[in-house]
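J.: Those protein sequences? They're chains D and Y, same order as listed.
Just so we're aligned, residue 1 is where the first sequence starts under our numbering, counting upward by one.
Just so we're aligned, residue 425 is where the second sequence starts under our numbering, counting upward by one.
Where hints are given, some of them may not hold.
As the list claims (entries may be wrong) - Calculated lysine-lysine pairs in the PhoX-like style (CA-CA distance at most 20 Å, straight line): (1) Y:Lys886 to D:Lys41; (2) Y:Lys684 to Y:Lys461; (3) D:Lys41 to Y:Lys531.
Claimed, not checked - Here are the simulated distance ranges between beta carbons: (4) Y:Phe438 to D:Lys227: 50 to 60 Å; (5) D:Leu381 to Y:Met565: 35 to 45 Å; (6) D:Thr198 to Y:Gln591: 34 to 44 Å; (7) D:Val253 to Y:Thr596: 40 to 50 Å; (8) Y:Thr596 to D:Ala62: 25 to 35 Å.
For the record, the hints were derived by calculation from the structure and aren't laboratory data.
Glycine is no exception: its CB is placed at the ideal position from the N, C-alpha and C atoms.
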Amino acid sequence: MRESDININRVDWITVMIYFTLVIIGWFNIYAAVYDGQAEKSIFDFSINSGKQLVWIGTAIAIIIVVMAADYRLYENLSIYLYLTFLVLLVLTPFVGKEVNGQVLSIGVGSFRIQPGEFAKFATALALAKFMERPTFDLSKRSYQLKAFGVLMLPVILILLQPDTGTAMVYFSLLIMFYREGLPQYYYVLAFGGIAVTLLALGIENNLYLSGAIIAIVILLIVLGKKSWQRILAFSLIGVGVIIYIYSIDFVVSKLPEHQQNRIMVLFNPDLDPLGVGWNVTQSKIAIGSGGLAGKGYLQGTQTKFDFVPEQHTDFIFCTLGEEFGWLGSFVVISLFVALLYRLIIMAERQKTRFTRIYGYCVISIILFHFMINIAMTIGLFPVVGIPLPFFSYGGSSLWSFTILLFIFIKMDSSRAMQLGRLG
Amino acid sequence: MNDQRPVAIIIFIFLIGLVLLTKLFMIQVMDDSFMKKAERNAIQRVVDHPYRGLVYDRNGKLLVYNNPIFDLMLVPKEFEVGDTTRFLELFKISKEELIEAYEAARKYSYVKPSPLIKQISTTEFARMQDYLIDYPGLFIMTRSVRSYPLPIAAHALGYIGEINARQLERDTTNYYVQGDYTGLSGIERFYEDDLRGRKGVKYKMVNVRGVDKGPFKDGEYDTASVAGKNITSTIDMELQRYGEMLMAGKKGSVVAIEPKTGEILAMISAPFYDPNDLTGSEFSKTYRSLNSDESKPLFNRPIMATYPPGSIFKVVQSLIGLQEGVLTPETTFACNKSLVACHNHPSPVNLFGAIRNSCNPYYHQAFRQIINREVSSNTYKDTEIGLNAWRENVLKFGLGGRLGVDMPNEKGGDVPSSKYYDRFYGEGRWKYSTIYSLSIGQGEMLVTPLQMANLAAIFANKGYYYTPHLVKSIDGDANQIPEKYRIKNEVGVEARHFDMIQDAMAEALYGTATRAIMKDITIAGKTGTAQNPHGEDHSVFVAFAPKEDPKIAIAVYVENAGWGGRAAASTASLMIEKYIKGEVLRKELQDYVLAGNFIY
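Work the whole structure out from these sequences, hints included.
T.: Structure representation (structure tokens):
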């Protein structure tokens, strides 16, 4: 039936261009992060990260060619097997992987290592898309909700065992896809309300103020609304539950591992320990903040050198950009991400099959989450979570997994004319 | 059903972008406190340069030490000159120099320090310190340079300088960075790893004026520097100084070795230079002028100059002949001047007489017997086999290849093999008449003065040597020097063959080097003359003394000074007297050498 699977004209070039723009800006920033005026090395020097990143970029291009050359139906047909394969790899990782800082994240031979947790993202996305594509699948029904969550939670539990909280959190971003596919809104109201209360409880020193505010709101709701006993009882119970929750947070936080506790506390008071745990956030904010409107100029940064901010070239790469290119540089990069995500929504909505649309929204969810959380943490809006900035951060696993994730969708999109409408 | 949901997600994405950009705008543009914090809160990575190891002579006298110097550094971003005239006056530089240094610093980095005035003396530093407070962006950085109490042994000690790009590339350990100093020649280079120590790093918080606000994180990331190891050299400072006095104004080499250990007592390369000139701010200027000097003062003659060994090689030929059983002390040949030129002496001579009189025709005939043993009926083949077997024996004397002294750039000289003649004349097309000049140490053979001194040590030791070396111990521990300097090398000639040779060498002085004779110390020596196609021949003498219990073996080369019996023998004799007696009493001989008028 079909002539050729690669139809260059149907490839969404806008997305491809944004992708490469981000990758190249990222590469230049990785060089800036390791640049040392005392010992000048070329950006191509393989002994430093920028040289290595060039290798990752080169291999990413090879991956793109393979992804684009494959039959578009391959991904759908393979989805369940890929998912199962990565589940097995995730189970194996703690046993055969290499331990770094108490975490076992990567497996591999010699210096070639991959992090199954990174790659399991696109496998889970494909599996969810396959699982949910049936016309009868209805997320407003409890049984389907449970099944979908089951597919999502399996890799999450395995990743939490490694333990890699940051990567595990990323999977919850797929709630955005669930939202598009019709998961009832009250889940989100509850989730946001819960997050808001949690943040307030952590942020406000004295829980009495917050409890007082909750009681005031409950009384207000009771007074303003219909005065039935059921309503009064329901609101009172919710109010009491929330207050108990508020007081239990401190207890739960105190049970968390110390480094996670510290990360949360530092968010609300970075000056608590400016040279200790708050160091990352303080230094990161100083670096970005000192960039001003137009930045200090490329390679002229003074705050982001010497690897003092750990993960300078990976999770904190945005600091280098903020310091050397200022707000205008930040504006350009954030605009590129917003444009990319917007473009991906347009693409997802024009899909003829539910499978490709769901996969598209998975891509959107994952990239959005990374972008949002990564930048938010560098400017102190979110606790420090070890997740990279897509296409930007140093590292093969991260660049490759985002490249595979994105280009499978670009491939599906370019083949949409050949697909029979199955949206029902 | 879900039509408004994609729109809600789009709105959410834009909201996220907006929130991030607003927060960024607040901290980057609205709030300049971060900029101030960045200035106040900069972390300086200060490399803590270790103290380079000192070098002592064999008697514990200091040869090399470190002298602190100060660089005036400039940070362009913070620098304000104010009243230019006053500034130029205070810091004693010209306006052009200031502009040039500022531009260079600006080009390097706007925010990082660059040198404005390099290597300020201690007194200048004390004077400047008072004014520094008036000039933001200026501060003093302390370093140290190598200094030498006596201006001697420049070639042996070597010098240090900024590491060059090629060395940086070869540094696989990534220890060095641009601007680091490293040993570039001599002991400084060979023992770089021991002398340099290990750099440390200190991270400190500084404010915008560069004022120290204390160590970063209480020094958690700091590493302390480790001082370099001190080295005790084998050089005898007094002997070295005396030798340089004798060789002043001449060209040549003196190498003195303690035969029993291979320790180099003195190593003189003339012309020489004051090692203090190749340190500090004058380095590049001095280096350029030394490098372009026609007398090549940087050329390390004892290990880099190669000459034909000349008559001295006859001793080696005698020893090989004796060991191979081709010669006996009684072997006699006529002084047949039709074979090769000779001077007038009684004829025929036995082996003793041949050494004493340095008889050329004797060795022409003796060498033929060493080479052509008639192992092959083909003369050409026989010569090839003989030459290669002979060469094997010669190599054992430390000739024809680098000895492995602890200095860089040593030359190995040359002892030709059959391959050399094959290439030159064609295989099977050369025979003894082609190579006979090797018999008297001429022709294609080349040796360095160091190899010659080592030969003298072999003669003194009756058949073995320790590889000559310049370092006695590292950090007071003799076991830290490379193992090869502690291994005895046998030359494959039995000790008994040396007795007659030593007697002949002692006797030889009465024939060819009467000036070198001392009343109370028996010197065994051999003169040589290295033929020089470009001018007057080079005067060569090797010797060891006292003959009964050798304490010193020496080789002296004086270029363009003619016959070996005059310049070289006299110098060697004075060096021996200086080393063994501690002072020189033969003032006339000393004056003769100092006058340097050897050609007459």
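J.: Each hint needs a verdict: does it hold in this structure or not?
T.: Hint check:
| no. | hint | verdict |
| --- | --- | --- |
| 1 | Y:Lys886 to D:Lys41 | violated, 57 Å |
| 2 | Y:Lys684 to Y:Lys461 | violated, 68 Å |
| 3 | D:Lys41 to Y:Lys531 | holds, 17 Å |
| 4 | Y:Phe438 to D:Lys227: 50 to 60 Å | violated, 41 Å |
| 5 | D:Leu381 to Y:Met565: 35 to 45 Å | holds, 41 Å |
| 6 | D:Thr198 to Y:Gln591: 34 to 44 Å | violated, 59 Å |
| 7 | D:Val253 to Y:Thr596: 40 to 50 Å | holds, 49 Å |
| 8 | Y:Thr596 to D:Ala62: 25 to 35 Å | holds, 30 Å |
In terms of the numbered hints stated before, the structure departs from hints 1, 2, 4 and 6, listed from lowest to highest.
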